[in-house]
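Using the hints, position chain D against chain G.
These protein sequences, in sequence, are chains G and D. Just so you know, we're using my numbering here: the first sequence kicks off at 99 and counts up by one. Just so you know, we're using my numbering here: the second sequence kicks off at 99 and counts up by one.
Keep in mind that the hints were calculated from the coordinates and are not lab data. Heads up, a few of these hints could be off.
Since the list gives no way to pick out one identical chain from another, each pair is judged satisfied if it fits inside one copy or across any two copies.
As the list claims (entries may be wrong) - Straight-line distance between alpha carbons at most 20 Å, and here's what the computed DMTMM-like set of lysine to aspartate or glutamate pairs gives: (1) 203 - 251; (2) 299 - 202; (3) 299 - 132; (4) 239 - 290; (5) 127 - 265; (6) 169 - 290; (7) 127 - 165; (8) 299 - 111; (9) 299 - 168; (10) 102 - 265; (11) 239 - 202.
Protein chains: 2
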Amino acid sequence: MLTKLANTLVPIDPLLAKRWSSRAIDANKFISREQILSLLEAARWAPSCYADEPWRLLVCDKATNPEAWEKAFACLAESNQAWVKNAPLLILAVASPRFRHNGEKNRWAFYDVGGACENLCLQAASLGLTTHQMGGFDMAKAHAAFNIPEDLDCAVMIAVGYQTEAEILSEPYYERELAARTRQPIETNCFEGSWGNSFAK
Amino acid sequence: MLTKLANTLVPIDPLLAKRWSSRAIDANKFISREQILSLLEAARWAPSCYADEPWRLLVCDKATNPEAWEKAFACLAESNQAWVKNAPLLILAVASPRFRHNGEKNRWAFYDVGGACENLCLQAASLGLTTHQMGGFDMAKAHAAFNIPEDLDCAVMIAVGYQTEAEILSEPYYERELAARTRQPIETNCFEGSWGNSFAK
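Isolated chain G (complex conformation) (with noise of 0.2 Å):
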């Protein structure tokens, strides 16, 4: 199995090293309720601006509701489906974007939900799961599909499963799979003492 650890320049956590978005899912591998509440857990306790949990996690369970698994796959671009269909689990992420104690706009609501589902997918890795983030789906559909209050925005849909071997995938996402992880280097995006003053490795 693909493992793809993060090249770092130093050593990080082995659990943040480990993460990353897989697509070639085992159809037969099911997730348990402790499991599935493990990462609910895991996003429950992502730190939040004035304490508002913006997030709303919804979850689609094909082993014990394939009806809700089947809605929340429709909304999903042709594209991921093609590899989605062995997910399990599809967990869709929905932000509230006024706080809870005054009705006002929430700058940091997708910023917050953002940390959740990253903890999530961290908790997924703990437990031998991979995970992979989808913002291409039709959020106007999963809203209608699950009834999603207008006042609420979707953030992104999540699969969830045991990762298997890439030749299960069709291209082109045999070969995305197989390609190595890059990022920009570092200095691109980390500066130090003034806008664009990169950080010296």
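What follows is chain D alone, placed relative to chain G:
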């Protein structure tokens, strides 16, 4: 030293359980160059939509660049300054709101910056450091102080340091430091199958 592990219904990865946002920071312990680099690396390897990596991280290290640190500190709300004064490292996280590849609006810019910063905070926890993300700062002032391009959006300032005894804090921070960490019950934000149908524990 307070640990305040997340109080979860099922176990989660120890790294995720131990991260929390202390305000009691030791003013006499600085963060090494290698530690800072590992924080940046953890953020760098976060996932992002279209691999855009919309985060920009500006490091202001009191030990090596006190002028930059002072500039960042001066942007903070007074209420934050009261305890951030002891933090040896401030990192300003900024979001690039348009995709590199086509210049179109990136709906997930803040989402992805939030994920990257959660990685950064978790890496800090892995190193035995504490982090505290803040939205309470003057963003226009930060733009001006660091010549941040107008088309970028400030997200958060992150205080980083070694945690110390809560007793160094004055009120109301002392009380907050000792208070139990709380979250909404899992059923408030986590649903299954359909909207509003709480996830059954």
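Comparing the hints with the structure gives:
1. In this assembly of identical chains, the alpha carbons of residue 203 and residue 251 lie at most 20 Å apart whether taken from the same copy (13 Å) or from different copies (16 Å).
2. Taking identical chains as interchangeable, the C-alpha atoms of residue 299 and residue 202 are never at most 20 Å apart, the minima being 41 Å within one chain and 31 Å between chains.
3. For the homomeric pair residue 299 and residue 132, the shortest alpha-carbon distance between copies (9 Å) is at most 20 Å, but the shortest distance inside one copy (42 Å) is not.
4. With identical chains, the CA atoms of residue 239 and residue 290 are at most 20 Å apart between copies only, with a shortest distance of 17 Å across copies and 44 Å within one.
5. In this assembly of identical chains, residue 127 and residue 265 lie within 20 Å of each other by CA distance solely inside one copy; the values are 17 Å within and 50 Å between copies.
6. Taking the shortest alpha-carbon separations for residue 169 and residue 290, only the inter-copy value of 12 Å comes in at or below 20 Å, while the best intra-copy value is 47 Å.
7. When the C-alpha separation of residue 127 and residue 165 is checked against a cutoff of 20 Å, the pair qualifies only within one copy, where the shortest distance is 18 Å, while the shortest distance between copies is 55 Å.
8. For a Cα distance limit of 20 Å, the shortest separation of residue 299 from residue 111 inside one copy, 19 Å, qualifies, whereas the shortest one across copies, 30 Å, does not.
9. Neither within a single protomer nor between protomers do residue 299 and residue 168 lie at most 20 Å apart by alpha-carbon distance, with minima of 47 Å and 23 Å respectively.
10. In this homomeric assembly, residue 102 and residue 265 come within 20 Å of each other (Cα to Cα) only inside a single copy, at 16 Å, whereas the closest approach across copies is 44 Å.
11. When the C-alpha separation of residue 239 and residue 202 is checked against a cutoff of 20 Å, the pair qualifies neither within a copy, at 27 Å, nor between copies, at 22 Å.
In summary, the structure is inconsistent with hints 2, 9, 11 from the numbered list given earlier, while agreeing with the others.
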